[in-house]
Amino acid sequence: MVVKTLNGAKAVAEAVKNCQPDVVACYPITPSTHIAEEMNHYYANGDTKTFIAVESEFSAISALIGGAATGARTFTATSSQGLLLMHEALFNAAGMRLPIVMVVANRAVSAPLSIWNDEQDSMSQRDTGWIQLYCKNNQEAVDSVIQAFEIAETTLLPVMVCIDGHYLTHAVGQVNIPPQSEVQDVLPPFKPKIFLDPENPLSLGVYTNPSHYQEFREDLHNDLLQSKEKIIEIGKKFGKRFLRTYGLFEEYKLKDAEFVLVGLGSVMDNVKATVNELRNENQKVGALHLRCFRPFPSEELKKILSGKTIGVIERDLSLGAQPPLYTEIVEALQGTNTIVSSFFGGLGGRNLDRTAIKVLFQKIKSKKPLKEWIAQQKGDQK
Amino acid sequence: MVVKTLNGAKAVAEAVKNCQPDVVACYPITPSTHIAEEMNHYYANGDTKTFIAVESEFSAISALIGGAATGARTFTATSSQGLLLMHEALFNAAGMRLPIVMVVANRAVSAPLSIWNDEQDSMSQRDTGWIQLYCKNNQEAVDSVIQAFEIAETTLLPVMVCIDGHYLTHAVGQVNIPPQSEVQDVLPPFKPKIFLDPENPLSLGVYTNPSHYQEFREDLHNDLLQSKEKIIEIGKKFGKRFLRTYGLFEEYKLKDAEFVLVGLGSVMDNVKATVNELRNENQKVGALHLRCFRPFPSEELKKILSGKTIGVIERDLSLGAQPPLYTEIVEALQGTNTIVSSFFGGLGGRNLDRTAIKVLFQKIKSKKPLKEWIAQQKGDQK
Amino acid sequence: MLEIRFHGRAGQGIVTAAELLAEAAAMEGKYSQAFPFFGSEKRGPPVTSYCRIDSRPILIHEEIEKPDLVIVAEPSVLAEVQVDAGLKKEGQLIVNSSQPKEKIHLNGHSFSVVNGTDIALKYFKKPITNTVMLGALCKLTGIVKLDSIKKAISNRFPEKIAALNIKAIQECYDAIPSGPSGGF
Amino acid sequence: MLEIRFHGRAGQGIVTAAELLAEAAAMEGKYSQAFPFFGSEKRGPPVTSYCRIDSRPILIHEEIEKPDLVIVAEPSVLAEVQVDAGLKKEGQLIVNSSQPKEKIHLNGHSFSVVNGTDIALKYFKKPITNTVMLGALCKLTGIVKLDSIKKAISNRFPEKIAALNIKAIQECYDAIPSGPSGGF
Amino acid sequence: MRIPFSKPGTTISNKTGSWKAFRPEIDAKKCVKCAICHNFCPEGIMGNPTKIPEIDFEYCKGCAICEVECPVKAIKMVREPLKEK
Amino acid sequence: MRIPFSKPGTTISNKTGSWKAFRPEIDAKKCVKCAICHNFCPEGIMGNPTKIPEIDFEYCKGCAICEVECPVKAIKMVREPLKEK
Amino acid sequence: MSKQSDLHLLAPGHAGCPGCAPSNLLLQICNTLGKDIIVVNATGCMEITTTQFPQSAWRVPYIHSLFENAPAVASGVSAALKAKGNNHTTVVCIGGDGSTYDIGFGALSGLFERNDDVLFICYDNENYANTGVQKSSATPFGAATTTSQVGSKHHGKERARKPIVEIAAAHNIPFAASASVAFQADLKAKLKKGQAMKGARFITVHAPCCLGAGFDGSLSIKLARLAVQTRLWFLFEIEGGKLKLNFNPKVEKPVQEYLNGQKRFAHLLPPLFEEIQAQANANYARLLDWHERSVPAQKE
Amino acid sequence: MSKQSDLHLLAPGHAGCPGCAPSNLLLQICNTLGKDIIVVNATGCMEITTTQFPQSAWRVPYIHSLFENAPAVASGVSAALKAKGNNHTTVVCIGGDGSTYDIGFGALSGLFERNDDVLFICYDNENYANTGVQKSSATPFGAATTTSQVGSKHHGKERARKPIVEIAAAHNIPFAASASVAFQADLKAKLKKGQAMKGARFITVHAPCCLGAGFDGSLSIKLARLAVQTRLWFLFEIEGGKLKLNFNPKVEKPVQEYLNGQKRFAHLLPPLFEEIQAQANANYARLLDWHERSVPAQKE
Ligand SMILES: Cc1ncc(C[n+]2csc(CCOP(=O)(O)OP(=O)(O)O)c2C)c(N)n1
Ligand SMILES: Cc1ncc(C[n+]2csc(CCOP(=O)(O)OP(=O)(O)O)c2C)c(N)n1
Ligand code: SF4
Ligand code: SF4
Ligand code: SF4
Ligand code: SF4
Ligand code: SF4
Ligand code: SF4
Ligand SMILES: [Mg+2]
Ligand SMILES: [Mg+2]
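Residue numbers (the numbering used here), protein chains in the order written: chain Z, 1 to 382; chain L, 1 to 382; chain D, 1 to 184; chain P, 1 to 184; chain F, 1 to 85; chain A, 1 to 85; chain X, 1 to 300; chain G, 1 to 300.
Think of the hints as simulated: they come from the structure by calculation, not from any bench. Check the hints yourself; a few may be wrong.
Unchecked claim - Under the rule of at most 30 Å between Cα atoms (straight-line distance), these lysine-lysine pairs were calculated in the DSSO-like manner: (1) LYS4/Z with LYS30/P; (2) LYS30/F with LYS103/D; (3) LYS125/P with LYS30/A; (4) LYS10/Z with LYS89/P; (5) LYS82/G with LYS153/X; (6) LYS10/L with LYS242/X; (7) LYS35/G with LYS192/G; (8) LYS222/G with LYS122/P; (9) LYS15/F with LYS153/X; (10) LYS7/F with LYS126/D; (11) LYS242/X with LYS250/G; (12) LYS49/L with LYS82/G; (13) LYS222/X with LYS192/X; (14) LYS192/X with LYS126/D; (15) LYS103/D with LYS4/L; (16) LYS358/Z with LYS89/P; (17) LYS30/D with LYS4/L; (18) LYS125/D with LYS30/F.
Using the sequences and the accompanying hints, generate a full structural model.
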């Protein structure tokens, strides 16, 4: 294990290189671009086998569909508009059960155009059948992307590893990156049973009439829900080898906490820092970082959150409705008489710092369910 | 008003023609194709001014973005893969506040490929900022599409009119289609203030840094929520003129109903028929057809559904999580101690007939919250 | 409510037949509904279409599982499809066939046999029997009047084609001796 | 935790400067974080970058609003940007300028002036002062050792460029008379 | 775990021969074994191309391409006998 | 109702002239009024093209294209005087 | 491999229309290219008629993903083979004209630009057949389709066919060719040649759609032949900027001979026949000129 | 219109790099085409540097939607004008090379095929500048970018530039041309000519990116000129299959003169210079030949 000081994009790319993907196809878009660039760097030096410099994100994901169907380990990275452009193919990849791994460097969506962070892009892909893992920091990003390959390849489900653009991709810091030799200890080679092979011809991507379609969706849905087990198992295995264990979510000073902020992504590191500060003031606060948003761990959340006073913090929204993470948490906790508030904002690069988070902890103490935009922060106005 | 016997696609197209859109751009995809074909028919005969036979759905919606930004009334129709392909541009159109009207002939999404009905396609666009109106039958489709132009053009929000593919598009029946002369009574011409005009140059579709982006999203979100009023107002105005009044939803024998199925689309006509049958057996059942899914009328639903026993029926799902309509209804009804069950299925053309619906009414009588796939129907297997 | 199912082969106008029937019924002041059940098929395989007729508005959007009447416009589908599936006990079939009735086995249901193919070949040079069978339907069931069907055909097709079809269905109508067998 | 903000112009390597500092700190066994705050700018407009240094792992992903130290690598931004915004009371600035200290008005904060541009022009023929200012930072604050910065530069740049930069920062380091003014 | 795929060549269970209203009849005496019909048949069911066509009527859709293309008019379409139950 | 648009020509409030480290100086005697510098300046700020350039230094970024392109070398870049507060 | 139904790498029992020329083309492709191929197919008639779950007509490995992305999927297959060290299997990408000329053209152009190792074959049936006969960019001038209808103001397709082979060739790919389902020897030669080459190779094959054009399925091959004879389709190949006309329709055969039997042209009046004839002759002259200019450099 | 900052239809204060040639091109476009235009712009440097809310440099009506759809947006603008009976306003679509050659090429090809009434102008800065210098299909052979890096196995871009003008012309559009920001009279003539025509017109304009190519901004125009002089860029136009070379770089000027000053070519070794020289000469020969073949039919 080597600790390096480098930015999130480079850290993730190095981790991916150490997983030795067979087919890499990337298209540049801020803030994921540096990942693509690093993958090209490895390719230019013979450290990876392919780099398809596609002409669009639609072709990037499509090339991976072809690659994965041919039994190859596949990788791409994108953000925002690029991810939205892939939308149709995302559904397709999941429906075809292709274990593609993609890093999404989260960024706001247009219009208006913004290159800054929020999570509207990946959250709006939540129906597509992909596993979605969100990372609080670059260490988690590195570790999750390594785990993602095995999760994908054992469940035959594509995995999106989401990391906040700029906040993580562009932030330099210390990261442990397991070298290729050590990655091999946890990541078995990809050996699919069903793939394109002239020795054993099969037809993939078929048409179904009404008597068959739904069963495929049912299976996909159930397998996605089932994949929780694999995610936990692989997160544990990783922990055994590298001493950093992962699961569906991370509880932070949760057990005895009365007031809990639930969220995902880099803001949760800020929330943890805030919890530390408030705990110093003897406040019974805690946090839950939802690492795994798809599959959504309803029952698991219900078990540990029931009865607490919850605020859901999210950098996204469903225009004209309640925000997605909040809504699903409410559903998970229905019937438990848990008070859940919704706080959304931090869009398009708006800062969500400890000051703002303290306000939210303050608000939920009122024990009234609130639904609010997170108020504008001082210093936001550039 | 003229009653005609024709299929849903033709009926809708005739209604659209009577609204005299300036720019029509269509790309064929089953089951929306006949709408495109009819629009071409009108164009070939000089009854409409343009028909851009684009090379993809992405270009169809993009051409309408250009058309609407130039102050034109715009229309397209699509389904399934075509709608998914538009995803990025859907966000863009809403964010740019362009009042495009689109008919979605609902169909399942790939993989596996299916050309049959369900509502995964439009439901998975629920974050994009479009108003979504769902129609139970072709009369509603015709009436809604006429209203859609005014809703869009007064709120500066794009509107999706969703009609179930095959069940509606391909079903011939009697429909009242207000002729052009009468449509003019309710539909004012489109006269935007902000549009591309050499006399008054403006720059549309700008980039925003973190100090500006969120305010645009806030406004879009709030305006979408606000648009409920316009939808109601225009639905009433339409009713005054044509004796068919529309709102955010339709209550059917709801007032005194104890057991209520909530859903959207053509299945709700079947539910109504089932309610009629069960009412004959003196069962206190009712139905609510959610015409307007975006904006989502939370408070309004809470008012009328609280305390009843609810089953939500939907032809969609969010893979790896709870289905969207159900989840949002639960959120709307939280704290009211209303029992809400989730029934999802009818995917990829699977029949949801009165027999199946009766089973659901039976199930909710248990007053336990259930979450179930709708069981396979006899006769489904083709 | 009357529920009618048509059987034929893709490309033979089976959907049009159901629609013409629905239009004819509407002309007579009834409510009607017609819809196909077929998908990616092009030409050749067996396909089905449906028609509902009622005196009240038709609310439902369901497949027809228990038809009152089944029209088999193409004899060869009898070997492939169970055309009387779900047919109500008192329901009927009208079958296009050159075979004598005895050779056709549709146990438990009353059915009539019409040699539509010969008439179709005579007028269209192709075994497209969709409209012809509507002539038989009029004569044998009286669900709609022959004139209404003719009008529906005239509304839909270009003049020449309409004229040809009208002649063909008239011939089929006339070729059937008995009037409505009742029940509709 | 020490929080440092850099000001400069897009294209001048201000982000690199923050990153080099973070790397140097890491080499000395500390935890560090560096990140830019700029977006679509190409070359020219004022930009900012940040660095955090701590003896414990750094958890937060926030902008730095109350820096301990501000480095102004480009004199002309002084006219456009309030470089001491949010600077802690006891915080310091290091300003690149050819002007004498008296002509620079940064009320209420202690600051040092370094003529980095001349050194940069000498070595790079362009007013790119990002690395040079790190030399000043070492000398004036002692936050990291000059050697660590040099090592970070060697790791990052091709040999020739690294050598040139190392010479330049050494010159800047040497040009400053006093040692750390303390506080860091 | 249900993966949407089909096994190779499995359409042979669809006896598309039932679609035809006419079937090709070959006049063995006329046939010069030119293989033209074999090569143009959209179903690929005319047997060994070096021999007189042996059509697999289970799949012949009766399209009559073979009739039209046969250079010596060795093929004639005839009305398909009815196979009713 | 907030529509994302900008009003025309409003970038003039960005005084991009502050970006420059060098500024062009014109030798009026040398200038032959060929308008070449006017036409190649990426900022379009050199005044009436039939006259000797009158540069709007509020926007001149000091790119020196005008210096490079002037056929008679009438333009020289000089160090920009510092405007500090 | 004794039963007739086992003879080919594409099984019968598929759902193509009786007389479907594209279906025949698939047989010709499979038989010429052999077993060591992977087929990537775009959505369209040939996909839907061959691979309805749980069946498939294909006896070679096959994948269908979407309508517009087949070239990119093929690039991925090709890259995966490369990564695995497989340098023998031919990646064959098959799309209809709608997919090739229109919605998938961006991806195809990308494939060309990267010169990825894929043999792309378009079955050019001149319409979106699968969705019920809409115009594509390959639909010929004057043809009526459901989106180029004949009415009082407009009369069928108003633009000539997109010159796809020339456009492909302009990308400087190693091989771009046009063939016809009716000219089997020529087609086979091009398929073999394409298979033997590396990089992005493009062949578009005219394969009439009886349903889309409105003629009896028995005439599919005959009409394909007539298209070439009447100069409405050409057999040629372009390599390194040199064009070779593989069949020279020297004698002017009136275009009516091709147009007359087809419903999509039924509305055409004499002035349009003349217009179409003029287009045909001009195309002929242009290609012949190019051919003749290229001759010295040609091997044969 | 007296202040220098009011002189043009594009205001200063935009955020283009000092010495940005594409920025200068925008000025040339606006000034030549005049006020009665509507500009549709794809995402890219010229979009981001001119229209950051709440500001805009444009004094003509302008719209930006996405990166890949500008041609289709322009088709819609054009249709809307038509529907309103406006037949005077010119619809001008402006995209970078990334948008034009790559991600937006499908939409552009569709526009060409429909021959929609749009004047499309590509500012060809040979890279994805806005996202920090990645390769595009316009990036020249050998150039290093962040996605065509120089390493031990690969050494910069391995394919030649996509021949976009020839590809556009192969679509049979009325006008396809190549111009350079350094050759103003020629550029202006082409813009005017394009504006006067109807249908889909295409012009790609070489406009070097100092940041992307790695040279001092002062040299942008000089290098643009050198590209033409060294045969690495050509000025020509194609109408009806006829090509006219607007500037004939008769004397062979070594490509090094152009390549040497640029960081993206810094890794090139002599064999590659020769390779590039050979490509340049071959392109020259090819275009000259086409030009000469076209001469009899040319008006001048
Ligand atoms: C994104 C998208 N748009 C539209 C469709 C509907 N669609 C499926 S096949 C097809 C036409 C195919 O045309 P072509 O490629 O020529 O093949 P053909 O049907 O003629 O065989 C269309 C429009 C789709 N599947 N996906
Ligand atoms: C779908 C999508 N993918 C990627 C991007 C990111 N992106 C924005 S501009 C750009 C490059 C533009 O290149 P070009 O068209 O050559 O214009 P330039 O930046 O060189 O001016 C990219 C990759 C995007 N905005 N949308
Ligand atoms: S009729 Fe058609 S399907 Fe039958 S053998 Fe002849 S060519 Fe083949
Ligand atoms: S085409 Fe005619 S002659 Fe040739 S093999 Fe077939 S039947 Fe025999
Ligand atoms: S230096 Fe550049 S910006 Fe300034 S006037 Fe000269 S060309 Fe224009
Ligand atoms: S280029 Fe030189 S000579 Fe020409 S106008 Fe400018 S300064 Fe004068
Ligand atoms: S519609 Fe045309 S292409 Fe499709 S199967 Fe039928 S004949 Fe073949
Ligand atoms: S990066 Fe290149 S194109 Fe973009 S503004 Fe700078 S010089 Fe111009
Ligand atoms: Mg086609
Ligand atoms: Mg570019």
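Hint-by-hint comparison with the structure:
Our distance criterion of 30 Å between C-alpha atoms is met by LYS4/Z and LYS30/P, whose separation comes to about 12 Å. Between LYS30/F and LYS103/D the alpha-carbon distance is near 37 Å, which puts this suggested pair outside the 30 Å criterion. A hinted pair counts as satisfied when its Cα atoms are at most 30 Å apart, and LYS125/P with LYS30/A qualifies at roughly 28 Å. Restraint check for LYS10/Z and LYS89/P: the C-alpha separation of about 36 Å exceeds 30 Å, so the hint is violated.
Restraint check for LYS82/G and LYS153/X: satisfied, since their Cα atoms lie roughly 16 Å apart, inside the 30 Å limit. Distance check on the hinted pair: LYS10/L and LYS242/X sit about 50 Å apart at the alpha-carbon level, beyond 30 Å; violated. In summary, the hint linking LYS35/G to LYS192/G is supported, as the alpha carbons are separated by about 13 Å, within the 30 Å threshold. Between LYS222/G and LYS122/P the CA atoms are separated by roughly 26 Å; this keeps the pair inside 30 Å, and the hint holds.
Between LYS15/F and LYS153/X the CA atoms are separated by roughly 46 Å; this puts the pair beyond 30 Å, and the hint is violated. Note on LYS7/F and LYS126/D: the hinted pairing is violated, with a Cα-Cα distance of about 36 Å set against a maximum of 30 Å. For the suggested pair LYS242/X and LYS250/G, the alpha carbons sit about 25 Å apart, so the restraint of at most 30 Å is met. Between the alpha carbons of LYS49/L and LYS82/G the distance comes to roughly 8 Å, so the proposed pair stays at or under 30 Å and holds.
Proximity of LYS222/X to LYS192/X is assessed by CA-CA distance (about 24 Å); at most 30 Å being required, the pair is judged to hold. Annotation: proposed proximity of LYS192/X to LYS126/D is violated, straight-line Cα distance about 41 Å (limit 30 Å). In summary, the hint linking LYS103/D to LYS4/L is not supported, as the alpha carbons are separated by about 42 Å, beyond the 30 Å threshold. The straight-line distance between the Cα atoms of LYS358/Z and LYS89/P is roughly 24 Å, inside the 30 Å bound, and the hint therefore holds.
A threshold of 30 Å between alpha carbons decides the hint, and for LYS30/D with LYS4/L the separation of about 12 Å falls inside it, so the pair holds. Pair hint LYS125/D plus LYS30/F holds up; C-alpha atoms about 28 Å apart against a cutoff of 30 Å.
In summary, the structure is inconsistent with hints 2, 4, 6, 9, 10, 14, 15 from the numbered list given earlier, while agreeing with the others.
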